[in-house]
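Asks: Below are the chains, spelled out letter by letter.
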Amino acid sequence: MNEEELVEYFRAQMRKDPDMASAVAAIRTLLEFLKRDKGETILGLRESLTWATSCLKGEDSSVAVSSGGELFLRFISLTSLEHQDLSRCKKVMEERGELFLEKISMSRNKVAKLCHTFIKDGAKILTHSYSRVVLRVLEKAAAEKKRFSVYVTESQPDAHRVSERQMAEALKKLNVPVTVVLDAAVGYVLEKVDLVIVGAEGVVESGGIINKIGTYQMALCSKAHNKPFYVVAESFKFVRLYPLNQQDVPDKFKYKADTLKSIRNLSEEHPVIDYTPPSLITLLFTDLGVLTPSAVSDELIKLYL
Amino acid sequence: MADSGVTDVNEKKGDIERAKNEGKELTKEEKQRLRKEKKQQKKSKEKKDDKALQESVKETKGDSSAASAPQPSTQSTAQKAPSAVPAPVSVPAPEAPTPADRPAKSKAELKAERRARQEAERASKQSKKGDPGPQGAVSKSKTATNELQPVVKRLPEHIQVDNPDVLKKLAKKLERQQIPLRSDYGYKVSLFSHLHQYSRKAPLTQQLSIPSTVIHPAIVRLGLQYSQGIVAGSNARSVALLHAFKQVIRDYTTPPNEELSRDLVNRLKPYISFLNQCRPLSASMGNAIKYVKKEISNISSQWKEEEAKDKLLSCIEFYIKEKIVLAAEAIAESSIEKISDGDVILIYGCSSLVNHILCEALKKNRKFRVIVVDSRPRLEGREALRRLVQRGISCTYVLISAVSYILPEVSKVFLGAHALLANGYVMSRVGTSQIALVAKAFNVPVLVCCETYKFCERVQTDSFVSNELDDPDDLIVTRNGQTQLENWQQELSLGLLNLVYDVTPPDFVDLVITELGMIPCTSVPVVLRVKNVDQ
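Heads up: the protein sequence lines correspond to chains R and S, in order. According to the working numbering, numbering within the first sequence proceeds without interruption in unit steps and concludes at 305. According to the working numbering, numbering within the second sequence proceeds without interruption in unit steps and concludes at 1535.
If a hint is listed, it holds; no wrong ones were tucked in.
Chain R stretches covered by chain S per the calculated footprint, using a threshold of three residues with CB under 8 Å from any CB of chain S:
# : segment
1 : 201 to 215
2 : 233 to 247
3 : 294 to 302
In case anyone wonders, no lab produced these hints; they're calculated from the structure. Glycine included, each C-beta is placed from N, C-alpha and C at the ideal position.
Extracted from the complex, chain S is given alone in its bound form (with noise of 0.2 Å):
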């Protein structure tokens, strides 16, 4: 793949300079240029002393600040480890390589190259470790020379499953992860054919061999337990997840002449392409893993192993505590002033919020019934009916066909959120934009619960774009004895889509009600941007 982009580099070096002035995507090739280009800059600059290193950081990263910068606060994101997959990067050859180059060097001679390369630069920060005055002037430096051009901030690649060399890529980080590639099942309907379809009958854990090593048995369970669709919900999977992490911690020792906030994150990277494999990763899993990921790196190397850990674990027991558990609290106590006596409260599906939320009401007296819409195939409208009745709350239970039949009766329409868009767009369970539709067209107020963890940079203006696809074969049903789609597989022009995720738009949304209070739709970035100067 990249003997074939490196042809004629100082044109591209043209074409990747007016791609980004124009503000145009860079090709694969133009990106994994800037990446050499940025290594090579990067190897000179640590030759000359620290003051003349931020000055032509200041000067070079000028042009490259946009990519360069959010390189390395997207480490997590999956595709961006194919910049250190084995492909010839011949940086310490002249800036303009010729093709003769790069065959003359064998890939082992490279790796050994690279490696050196790295472990050096490694013992050069360490050095600059100890003197966090330039290292933070030079971060300052480049923060400046963002401000100056359009920060584009690097978000995870969308999946694009029928881009063959995506896939590619993904097989090889896989591979050399030590995961198991989970395979794709059944026909996909076209217009959602760039996502995943897994089917529940084959887990990723079948393909595991016993004793693997490279995943913690916490994470294979966890994944198990996603995949299987145990745990379900946002704020379940993500506490989960959080467990799940501490477990980790917790067995983790350091090997000798390694540092616990390296190779920590180093760990934690299969375990989440793992997990990705399982199940994609929800808005508010990658949010929380953003915080463990900046604890651990912030964890500084004079601390011993057991005091790390321990720091560790506090952080992820307090990150629980203040963004799931308080802030529930928070928004009960909010919401709460908005039931009236005698409202007639519509919720769809089961958000543990809401339904927290509604038996807080119930505590503090006030006076309402609930009607609860369902859909298939999940019907997780009857696990809230059940946790409401018993709690003693009266409920109507219907399913979503009939939501404009019964929605003159209603006063109010409670949604939960998946994750909350930066353009205002709220990411739920299929079917809620739907019901917010209905509601505004009978003029019924909606409002979306969310917490401020959940509150993601994506911006998305549709439902096809990211989505996730469930296993088609939940779609079959049993009704007298018939399963009429059995063999749906045959048919060659059937295909059975089972979506788990849409999009509403914030026109149809009155109120959204976060821990830090009641706020419009349109308000999301403005919390973005607090959250992000706080941090």
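With the rest of the complex left out, here is chain R (with noise of 0.2 Å):
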């Protein structure tokens, strides 16, 4: 498998179902090229591996492919791969990907299972851009009949009026009453809200996340109003990176791919994300459970050690 039937595979994957994270959809087609790869040796394989996720991340530049192109090769080496015969080896890489994938795709459910019970009747929730998991939560939330309201970022520099299209009227269509803000409004908005509620692109060591940008402005603002800060996010999108503050953040992760295959100077573009540092986390909800940032740390020694 070359790198044009790698990013057409995962292109395709992601207009198959758009629901699905970009990560998955990266894991997948790292198991799609897997079971198609014709290497001899172990280590050839693993190399082959890491070469195609850094196919992906040349197509899709987002914190969570790398996070879980990388967890997906650490989870299948993980058993002792001792059969002799390659092929032997290879079946079993790849039930263990099957394995993972199963898992992940089960993620989400169970983020939003931890999360609709912290949501309170008469809530007014704040969000941020167009979050799917966050969209999870809160249809969990409504299918558990609780009554709240929404207030969605516009989340510039998204196209104009997507988020309006994606996130609105999805939860519109759950009966949910949704206000569009403009992001300068957030600390306008902050006081009438009870809790701010933000998916991640990625959560790093420290506890913190990197999201699209303006998060951090809004955790910020909700740290100066008390209001609870929740981040919800699955665990594939741990990355083993420790920014210090937003000059930190690799420069690959904070721009689109094809800027930063395009654009000579990128000291002239907007980057897309920022990093929140866990000072300003209230919680996270993840499939392992509800975590303090400090506890972060110790999920991902356990998960990448």
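Please assemble the complex out of the two chains, which come individually in their own frames, going by the hints.
Replies: The structure is reproduced here in structure tokens:
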């Protein structure tokens, strides 16, 4: 499977199920790559998988693809590959890959189950941009017959009215009152709001998150207003990064993949993500459980070591 | 002391159980009684067979597991030795010894009894040693019962210099080990009166008689180097300690009828007390000593002496190489990722690890400049400055009073650590927490670099409880031919305080770089847990 096929398969996966996280699509692609791989050695296999992951990162530069790929690689190679026969090893790896995929496709539901209890009846929720996990949480809460209303930000630099189209309309279908507000109006709206829930593109080692730009501002304002700031994220988004401040986030995550490829001088470009430090986050809801930011490091050590 | 403690045993026993259940700290008397009870129970158990032993251990140790389990593991701590102090321990007597019994037995008789008992215990343990199965099972059952109750890890008792009982205990112990007691010097500020304060002009070695066979000369030299400040810095002290231990092991010969694994550990105890008297042990030294003792006691009795000694020497070398040298390399590699071109890095004092990191970063062609912050009376920053300038790093030198002035220029702060405590607090040279606080106020990231062998299980939230007081005469300075503080002792209301360490809360520290990776300050207990699982 060469690069074009890889990218094409990935895009096809994304098109097929728009509700699927890009990381899950990436992992599906990697699994397909594994099945079709004709390598002769385990080391070669691992190297080609790493190469495949970097290709996919070139297509979609989000943090989740990077972390998902790495976790996939670790998960399948965690097993002791003592079988002499390469094809048997590959079979074991494929089985583990399917298992991994199954686990993470359940993760969104697990997160929703944990989080919806924190939404009380009559709550006013503020959220940022379009996040499928947050949507799932709100769907679950609505299914539990809770009444709540939602404020969604426009989240520029998204295309005009895209968040209206996606988030607001999905919520309208659930009969949840939605208001779309300007990014600049977050401080204004926060006094009416009871809690803030956002998704995450990546969860870093310090317990902070990397998310659509504007999240950091929202977190700062909610801290100032003493409103709880909740993050919902699946566990495959945990990444081995430790940024100290906004500058420290690597450039490859800050800009979209095509921007990275085409533009020379990145300082003219506007980043699409920012880093929210753990001190501003109240709780993280993951499929591993409800975690405080300091517990994230513990979980990461378990996942990666 | 023990006489007064044994008045109404049955009543006190009930008190002990209640206190344990409530989790209160037991008084000295109660602890002594516990130990006596345990010895009695042990003796009676040995008469039954192994299986019954396990069961009865499970039953009776269920209650006293909290205090008993850590007992074998904390043999290294100084204050535990008083359990063998010649207090009239009437264990062979029935469970409720009446006060009348005590004065009836003389001390010599009791000593002889105890020794006979210990020999018997040792002999039975020897026979059991060939049968590791039940032994392992016994320890497993002990740990099983421990899982049921919250494990109370026995940590070395805090120094309590203002408590005359503790001082007496310490004096007795040192007398037994034939080590001179170092006397405190000068007026101590009341908040710190529970700590020792020694004068550098009166080193412990002056009180040692010349043909002193108790303490190995390498250890005497080491103690002098510590107390005079010739060997300073936690890494340097640990490495010097391990080298001295290597010398001790090389010169050691097993006396007849003794086992290397037990005798060598007993030989090391007076050395450690001596070094503690010269300068209080650091957390890193404590961990190194624990490792050495564990390795010694793991020496099987079948090995020949030369083999055993070689093994021990290689273990110590391995520890130095892995935990100190290679760890520094790993930390330098991770830290260099955090240093970007154009950075202005602030460092405090002289940390061997931070200096190493900066030199490595320079080798990897990172462009940065360094601001060295220094403070009296040690002025260690000058040493750091000298080392960095020698490598060609451009440096600025300020005193700690100028830190808030210089911080707007700084992009990162790199700090070394003396120890990392189990609740995430960083114990380091005095002044570190000040720098971390000001850096936090200016939103400058603070990075602490620390090897994992400096992680310790202690918990501390303030710098008063456990600290070190250095020679107060260091604060005296002569300027323009005048020494103002020369006669500070005559001034009754004047006290000089020369603190050595302080603790920084984890909220001020953004990142801890260890050889296991970059972790937040709150994850120190996770690392400790992982390390304990490994061992």
